[in-house]
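Q: Please put together the full structure from these sequences, using the hints given.
Number of protein chains: 2
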Amino acid sequence: MALVPAAARRWRRLLVLCAAVLGAVGAPQPPNIVLLLMDDMGWGDLGVNGEPSRETPNLDRMAAEGTLLPNFYAANPLCSPSRAALLTGRLPIRSGFYTTNGHARNAYTPQEVVGGVPDTELLLPALLRRAGYASKIVGKWHLGHRPPFHPLRHGFDEWFGSPGCHFGPYDNRARPNIPVYRDWEMVGRFYEEFPIDLKTGEANLTQIYLEEALDFIKRQQSRRRPFFLYWAVDATHAPVYASRPYLGSSLRGLYGDAVREIDDSVGKILQLLRGPGVHGDTFVFFTSDNGAALVSAPRQGGSNGPFLCGKQTTFEGGMREPAIAWWPGHVPAGQVSRQLGSVMDLFTTSLALAGLEPPSDREVDGLDLLPALLQGRLVHRPIFYYRGNTLMAVTVGQYKAHFWTWTNSWEEFKKGIDFCPGQNVSGVTTHTQEEHTRLPLIFHLGRDPGERFPLSLASAEYRAALRTVVPVVQRHQDALVPGEPQLNVCDPAAMNWAPPGCEKLGKCLVPPPSAPEKCSWPH
Amino acid sequence: MALVPAAARRWRRLLVLCAAVLGAVGAPQPPNIVLLLMDDMGWGDLGVNGEPSRETPNLDRMAAEGTLLPNFYAANPLCSPSRAALLTGRLPIRSGFYTTNGHARNAYTPQEVVGGVPDTELLLPALLRRAGYASKIVGKWHLGHRPPFHPLRHGFDEWFGSPGCHFGPYDNRARPNIPVYRDWEMVGRFYEEFPIDLKTGEANLTQIYLEEALDFIKRQQSRRRPFFLYWAVDATHAPVYASRPYLGSSLRGLYGDAVREIDDSVGKILQLLRGPGVHGDTFVFFTSDNGAALVSAPRQGGSNGPFLCGKQTTFEGGMREPAIAWWPGHVPAGQVSRQLGSVMDLFTTSLALAGLEPPSDREVDGLDLLPALLQGRLVHRPIFYYRGNTLMAVTVGQYKAHFWTWTNSWEEFKKGIDFCPGQNVSGVTTHTQEEHTRLPLIFHLGRDPGERFPLSLASAEYRAALRTVVPVVQRHQDALVPGEPQLNVCDPAAMNWAPPGCEKLGKCLVPPPSAPEKCSWPH
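The listed protein sequences correspond, in order, to chains F and U.
Counting along the first sequence from 1, when you hit position 362 you're at 362 in this note's numbering, and nothing is skipped either side.
Counting along the second sequence from 1, when you hit position 2 you're at 2 in this note's numbering, and nothing is skipped either side.
Do not rely on the hints blindly, as some may be mistaken.
If several chains are the same, the list does not tell them apart, and a pair holds so long as it fits within one copy or across any two.
Stated by the list, open to error - With a Cα cut of at most 20 Å, we get these calculated SDA-like pairs of lysine to any residue: (1) 199 <-> 458; (2) 218 <-> 273; (3) 415 <-> 299; (4) 414 <-> 170; (5) 199 <-> 273; (6) 414 <-> 426; (7) 199 <-> 251; (8) 218 <-> 504; (9) 199 <-> 461; (10) 415 <-> 183; (11) 199 <-> 122; (12) 415 <-> 300; (13) 218 <-> 157; (14) 414 <-> 188; (15) 414 <-> 454; (16) 199 <-> 456; (17) 504 <-> 185; (18) 218 <-> 272; (19) 415 <-> 453.
Treat the hints as calculated values from the structure; they're not laboratory data.
A: What follows is the structure in structure tokens.
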């Protein structure tokens with residue numbers, strides 16, 4: 001990100017201020033922004049991306065009314081870092097959402113983790129507030145569950161949802177159940193006030209999250225303010241769930257039931273946005289935080305279509321995401337954009353929609369996608385694939401170079417933990433960490449999206465691709481200043497024993513003594 | 001197929017006769033029929049089926065204007081038997097398009113094969129002629145290259161194309177180059193009058209085949225007869241080719257260039273059919289003869305999307321095909337049909353469109369798809385997967401049961417012949433012929449389209465699926481009368497040494513002495 005002179009920054013602030021004032025007296029306001037972020041949903045789970053049962057008519061319609069981005073990526077093959085990247089526009093290595101506890105290890109924010117989003121990070125809702133936006137997060141936060149990391153401390157005006165995954169049930173002795181918050185305070189816990197039946201897969205959480213979204217959108221009508229809704233539902237993350245009317249509705253089993261319920265819900269949100277009850281028009285983007293969790297397939301995991309492996313890996317199946325941009329009258333209908341995109345672009349694009357510039361005092365990795373979406377102007381940019389602080393791979397144009405290959409350890413694999421079930425590319429889907437930093441494995445993603453046929457090291461094409469890739473990586477690594485790692489330290493006392501609001505509910509638990517230690521990250 | 005009483009048959013013949021007479025004096029005629037049959041194109045090669053580069057805008061538009069069938073199957077994982085099944089409406093085991101030379105062996109019609117389509121088979125163009133249709137085959141015939149098997153002897157009025165694959169070049173001593181026919185006579189040979197540059201992949205055959213199609217359609221306008229066009233292009237079969245303007249046009253390499261040229265050509269055919277230059281409306285169906293040849297990927301082979309393995313195998317990747325039905329004003333636009341379909345259905349459906357009944361003196365396996373396409377009425381039917389005379393698998397509803405698993409032998413695999421590159425499902429993608437006839441491997445294709453997770457033999461679901469599958473197979477096998485196998489005997493004297501017309505061209509070659517022997521079918 002080029003540095004912006006101070007005078008220009010002041011001018012821009014003035015403009016924003018004017019925009020806010022004008023907005024208040026009825027001038028055209030910037031569009032509302034809705035980011036629909038799925039949890040562990042795979043590229044191949046959408047009909048429009050070739051899911052054979054084709055059970056996503058609303059998402060397919062969203063694509064027909066908008067633009068499909070088949071080359072869109074998560075910022076990490078795991079949830080927390082990818083979500084941090086979306087809201088900060090920055091690679092997890094910059095924001096601290098990584099671990100140095102082991103080489104090339106994925107890390108996230110389980111209950112015992114001490115860290116979370118640092119105060120030094122600027123989050124999208126806090127920036128959008130400067131342009132007059134009201135903002136709400138519905139669903140999973142995952143950027144830290146301790147009080148300093150609360151989403152309302154980082155720019156959101158409202159929250160309904162949970163700080164972490166809906167794992168459980170727990171006994172509230174060794175481990176508390178995960179709290180569900182409304183705004184500043186807990187209103188209950190999963191498996192208690194918010195039941196999930198692990199046997200049948202029944203839970204009505206998606207319906208609650210849908211109502212929260214519709215209610216928030218409707219309330220903005222009277223306020224006549226632009227709004228930002230971050231709808232981060234989690235029904236497709238194991239333990240997968242759906243509400244009763246959807247159970248058994250899919251040919252794909254429970255996972256498909258969850259997808260159908262989300263697809264219907266997206267249809268209802270878009271229907272509301274199409275109608276007269278919403279002030280101003282709305283930019284909507286649909287994507288997912290990382291690839292389908294094939295380790296849980298088929299009952300608890302989705303599909304990455306033709307791509308290799310899934311969640312936890314830096315193969316395409318781990319980070320290539322379903323992606324649809326929808327903004328009727330602006331984003332052309334029925335188009336496909338070849339732009340290499342990233343969830344981090346949603347940060348920069350949202351700022352652009354609001355008439356804001358990204359922060360100029362730090363590196364921002366997200367691109368403004370509007371030139372690609374509105375004018376078909378593609379921007380050349382690399383995609384970096386990290387595990388922890390290790391750069392595993394990079395895509396430049398059609399070429400993807402792997403500097404390290406790893407799925408998981410033999411030890412984990414022998415326990416039945418398989419990130420690539422039914423797939424095995426010799427020398428690629430390795431169970432030992434294989435270094436290729438000097439002579440990376442290179443794939444042509446156009447001819448070989450499934451990463452099955454590495455280019456011959458002796459070929460002219462390999463040498464030409466290497467010449468393209470090396471300087472891109474060199475520049476990236478030379479300029480990189482990693483943030484303070486947030487995901488190294490775990491402590492049983494850090495868990496959700498007594499979240500704010502627990503007193504009123506009589507649901508405060510007594511934490512054990514503090515015993516910080518290095519978190520264990522097996523993958 | 002239920003037997004039809006003789007009186008009913010006579011009545012139907014009278015009706016057909018009346019229809020023909022009425023047609024001649026200007027009454028509404030049945031629709032024209034165009035079958036677009038691809039060669040080794042895979043399910044995953046279409047943008048609408050999730051090919052990530054999305055380079056098939058014309059086929060995607062065809063799907064948007066018509067109905068997509070994601071559950072449509074070839075009748076065999078290899079070309080000749082599948083094509084014989086399309087034109088006869090019958091499984092290859094009935095028409096003789098199989099071998100008994102080895103267990104579970106795929107066989108086709110190379111130059112040295114002696115057999116071909118028997119005179120006892122009734123082919124679609126011969127039947128459509130009874131309803132007044134003019135018919136043409138453009139491209140690959142593959143139902144036998146010796147004179148008795150000539151397509152004009154089996155009902156076609158016109159032919160431009162070749163009897164077999166465009167393999168070569170040959171030296172015309174050990175083996176002649178494959179002839180290209182116009183109607184009854186050869187007009188040249190591949191690599192001679194019809195060049196294919198194996199180095200660059202350049203050949204203008206798709207352009208010739210396109211012109212042949214457009215010319216035929218235009219000529220029917222003045223004749224005011226319904227027509228049947230069977231457009232069997234072969235650019236996506238190795239050696240893959242494209243004409244110069246398309247070379248390098250695809251992100252997918254040469255294979256993608258061939259797909260782009262075909263996609264553009266389909267666009268031109270549909271554009272002509274949409275326009276005023278065509279008498280009557282036209283039913284168009286797009287599909288392929290078998291799965292993508294992953295053994296030749298990525299330069300010479302396509303994609304089977306999320307499905308397992310490819311051509312030559314009875315996994316989904318070998319037989320699940322791209323399929324689009326297009327008939328504006330009749331087949332609803334933008335629909336997806338869950339009907340389990342087969343290329344054999346194109347026989348029966350075409351007869352139904354022409355107002356004809358399928359032959360009642362033999363088993364016909366093809367269904368009339370019109371109830372599914374026009375009224376959304378799904379017909380319960382099984383899909384049988386054969387290699388040679390061995391029933392390898394069956395799909396009933398969502399359940400697929402494998403009675404035999406095999407990819408190819410260790411001997412062939414060690415030579416580098418891999419039908420499942422990058423895929424390996426333990427106990428499923430076997431390199432020995434594994435029998436499971438008593439306890440088949442069963443997959444749920446809705447939850448697990450990639451055939452990665454066999455149901456547990458101990459599960460109630462397995463037992464219920466088995467109870468569904470067994471009687472279907474029992475009925476099929478009890479009633480089955482295999483035809484005389486056509487693909488057992490090979491003879492160097494049977495090759496295309498002196499096809500009709502060779503004298504005029506001065507291109508007759510002298511055949512070697514006849515030396516019939518058992519054909520060798522390694523897979």
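Q: Next step is simple, just say for each hint if it's right about the structure.
A: These are the hints, each one checked on the structure:
1. 199 <-> 458: Classified as between: cross-chain Cα gap 19 Å, same-chain 54 Å, threshold 20 Å.
2. 218 <-> 273: Only inside one copy: residue 218 and residue 273 sit 9 Å apart there, 48 Å across copies, limit 20 Å.
3. 415 <-> 299: within (19 Å within a copy, 37 Å between copies)
4. 414 <-> 170: Answer is neither: 27 Å inside a copy and 51 Å across each miss the 20 Å cutoff.
5. 199 <-> 273: This pair counts as neither: shortest intra-copy Cα distance 36 Å, inter-copy 54 Å.
6. 414 <-> 426: Classified as both: same-chain Cα gap 18 Å, cross-chain 14 Å, threshold 20 Å.
7. 199 <-> 251: within (19 Å within a copy, 46 Å between copies)
8. 218 <-> 504: neither (29 Å within a copy, 81 Å between copies)
9. 199 <-> 461: Close across copies (16 Å), not inside one copy (52 Å); limit 20 Å.
10. 415 <-> 183: Neither: 40 Å inside a copy, 64 Å across copies.
11. 199 <-> 122: Cα proximity of residue 199 and residue 122: none, with 41 Å in one copy and 55 Å across.
12. 415 <-> 300: Within one copy only: 18 Å inside a chain, 38 Å across chains, cut-off 20 Å.
13. 218 <-> 157: Only inside one copy: residue 218 and residue 157 sit 16 Å apart there, 66 Å across copies, limit 20 Å.
14. 414 <-> 188: neither (38 Å within a copy, 60 Å between copies)
15. 414 <-> 454: between (26 Å within a copy, 19 Å between copies)
16. 199 <-> 456: between (49 Å within a copy, 18 Å between copies)
17. 504 <-> 185: within (10 Å within a copy, 92 Å between copies)
18. 218 <-> 272: For residue 218 and residue 272, the Cα distance is within 20 Å only inside one copy (8 Å; across copies 49 Å).
19. 415 <-> 453: between (28 Å within a copy, 17 Å between copies)
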